[in-house]
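Novice: Order-wise, the sequence lines are chains A and B.
Heads up, the first sequence is in numbering that gives the first Met the number 0, so the first residue is 0 and it goes up one at a time.
Heads up, the second sequence is in numbering that gives the first Met the number 0, so the first residue is 0 and it goes up one at a time.
In case anyone wonders, no lab produced these hints; they're calculated from the structure.
You may find that some hints are simply not true.
Which copy is meant is left open, so a pair is good if it fits within one copy or across any two.
To be verified - SDA-like cross-link-like pairs, simulated, lysine to any residue; straight-line CA separation at most 20 Å:
1) Lys-184 - Gly-202
2) Lys-184 - Ser-1
3) Lys-184 - Leu-295
4) Lys-300 - Val-214
5) Lys-184 - Ile-89
6) Lys-195 - Glu-223
7) Lys-300 - Thr-246
8) Lys-299 - Glu-212
As the structure is a prediction and not an experimental result, all values here were calculated from the model.
2 protein chains.
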Amino acid sequence: MSLLIVGTVAFDTVETPWGKAERVLGGSGTYAGFAASFFSTPRLVGVVGEDFPAQYLDLLVGRGVDIEGVQRVSGKSFFWAGRYEEDINIRTTLATELNVLETFEPVLPESYRDSRFVFLANIDPELQLSVLDQCDDVEFSIIDTMNFWIDGNRAALDRVLERVDAVLLNDEEARMLCGTPNLLKAARMVLEGNPKLVLIKKGEHGVMMVTEESVFMFPGYPLEHVCDPTGAGDSFAGGFIGYLAKTGRTDDETLRQAVVAGTTTASYCCEDFSVDRYGKLTLDELANRAGEFVALTSFKKLEL
Amino acid sequence: MSLLIVGTVAFDTVETPWGKAERVLGGSGTYAGFAASFFSTPRLVGVVGEDFPAQYLDLLVGRGVDIEGVQRVSGKSFFWAGRYEEDINIRTTLATELNVLETFEPVLPESYRDSRFVFLANIDPELQLSVLDQCDDVEFSIIDTMNFWIDGNRAALDRVLERVDAVLLNDEEARMLCGTPNLLKAARMVLEGNPKLVLIKKGEHGVMMVTEESVFMFPGYPLEHVCDPTGAGDSFAGGFIGYLAKTGRTDDETLRQAVVAGTTTASYCCEDFSVDRYGKLTLDELANRAGEFVALTSFKKLEL
């Protein structure tokens, strides 16, 4: 089924103890689009400046991402720079230049308006609302957000939450949004509103998915070497919604499979800088690693 | 099969935002003993002072723990005090009084020497070695340790590692022991030595169990309210080794079940102060919660 992704398309400069990647292809929309492309044919909405190389956009097109909705406007593209420590969980943001993102108004091409599955990456909740207004026939919508909006525009974020089916939060955001350190409690507080599904991302510790009926705990894929985790959360989201769009279902069994799909895709994202690993990734590899999770998580009933 | 547990038997004073427990029954040997008692009949080695109430020891006996190896010596019992924040992951140690532990020399009663399964909780590695020397016929041994010994008596700890089958570490200890932030890499570095099994405890995020053949990722039980996590790690260890002792097996399938047993037991530990929840816990409850993990973790093969 049709899938819409709205997010950033950006230049990233990333330093790790093992290397540096300068002004490479990045952004939440990019990562989610690449990840989703293994399962579905996502339609991407975003914005780039005059400085954005056509080759970068070609990479998206090469993976089957529809970029009709990626506007090119005058000015410079969104730029982010960060450094990771040897403990890859420790990240320092070195630069965030919004540039063309400051005046970004997402406009859906006519051909996108019938999108049934929608992922709104972490952007201004006012823009998330504007996108929802432009969609005619949403079956399942999921948003990401961040501290900046939880603190800075809670009213708009609450209006978004009244309209979407699912919310993606990292552990820190969940605690902030709900004012409780307990992640399960936080998830259940979100479920008291409109959302029927909360996904809490715990980095290397995996994901907790909570619905009214079910809790699903899923680990991160154990990688012995993480090259660059930038975009892993957006890759998870892209793989998750891409899998749902592929199947056209949102029942508990499919949602769990989508968590596996998202986690597996995100693990590849971490294996190289930018979207480089995705360029070589095959669906067979993906399926094999997704299959490895059976051995990683299965156990027999206790003898008691 | 016979099970030996060596650890502390102590007074704990614990403060949380929800209450305070003063000079209650605590200690690594206590928690591990209680947890193991649901699966096996552990033999406990430890030390208390003249001030230790007989009723506290009676609680252990009431759960079927053999306390012949718990010495009572002159002086005051080991005392620990700590405070947890609303975010229960944040703990401040307010007092640690070693008291009788300072001169503790574990002596195994004759009847303990044939123990087949052995858990050596976090004590001086020299003492762990002394216990191993007193055992005649160990089939499976597991140790816990801590930063203090990794930094302070690495030589002795290395000698212990040369002799035991399994090591229990929390994430921070694993990183420190192996000098790498990557937990899987750290586990595999430990496996290059004598141990055949590494269990990395990640608190609420669960456990990663690594052997040469297999990695098992298991989540913590999602509790909406944690009353007091003191002793959860030792409870995990006790439930884990207790289950192995019960079955008498250490194959991969049983080790995974033991992780489930340990995790489930530890979750109950967190529901009340001290060992209070264990006093009311039934094996049926335990079996039911262990069974819940099937629904919490299971998923179907992806359609790709």
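Novice: As a check of your reading, is Lys-184 near Leu-295 (CA-CA no more than 20 Å) within one copy, between copies, both or neither?
Specialist: Close across copies (16 Å), not inside one copy (27 Å); limit 20 Å.
Novice: Is the C-alpha distance from Lys-184 to Ile-89 at most 20 Å within one copy, between copies, in both cases, or in neither?
Specialist: between (26 Å within a copy, 18 Å between copies)
Novice: Under a CA distance limit of 20 Å, which applies to Lys-184 and Ser-1: within one copy, between copies, both, or neither?
Specialist: neither (33 Å within a copy, 41 Å between copies)
Novice: Within a copy, between copies, both or neither: which one fits Lys-300 and Thr-246 at a CA-CA cutoff of 20 Å?
Specialist: Between. Shortest inter-copy distance 13 Å satisfies the 20 Å Cα cut-off; intra-copy 31 Å does not.
Novice: How would you label the pair Lys-184, Gly-202 (within, between, both, or neither) given a Cα cut-off of 20 Å?
Specialist: This pair counts as both: shortest intra-copy Cα distance 19 Å, inter-copy 17 Å.
Novice: For the identical chains here, do Lys-300 and Val-214 meet the 20 Å Cα criterion within one copy, between copies, both, or neither?
Specialist: both (19 Å within a copy, 18 Å between copies)
Novice: At most 20 Å between CA atoms: does that hold for Lys-299 and Glu-212 within a copy, between copies, both, or neither?
Specialist: For Lys-299 and Glu-212, only the inter-copy Cα distance (18 Å) is at most 20 Å; the intra-copy one is 23 Å.
Novice: Within, between, both or neither: how does the pair Lys-195, Glu-223 come out at a Cα-Cα threshold of 20 Å?
Specialist: between (35 Å within a copy, 18 Å between copies)
Of the hints listed earlier, the one the structure fails to meet is number 2.
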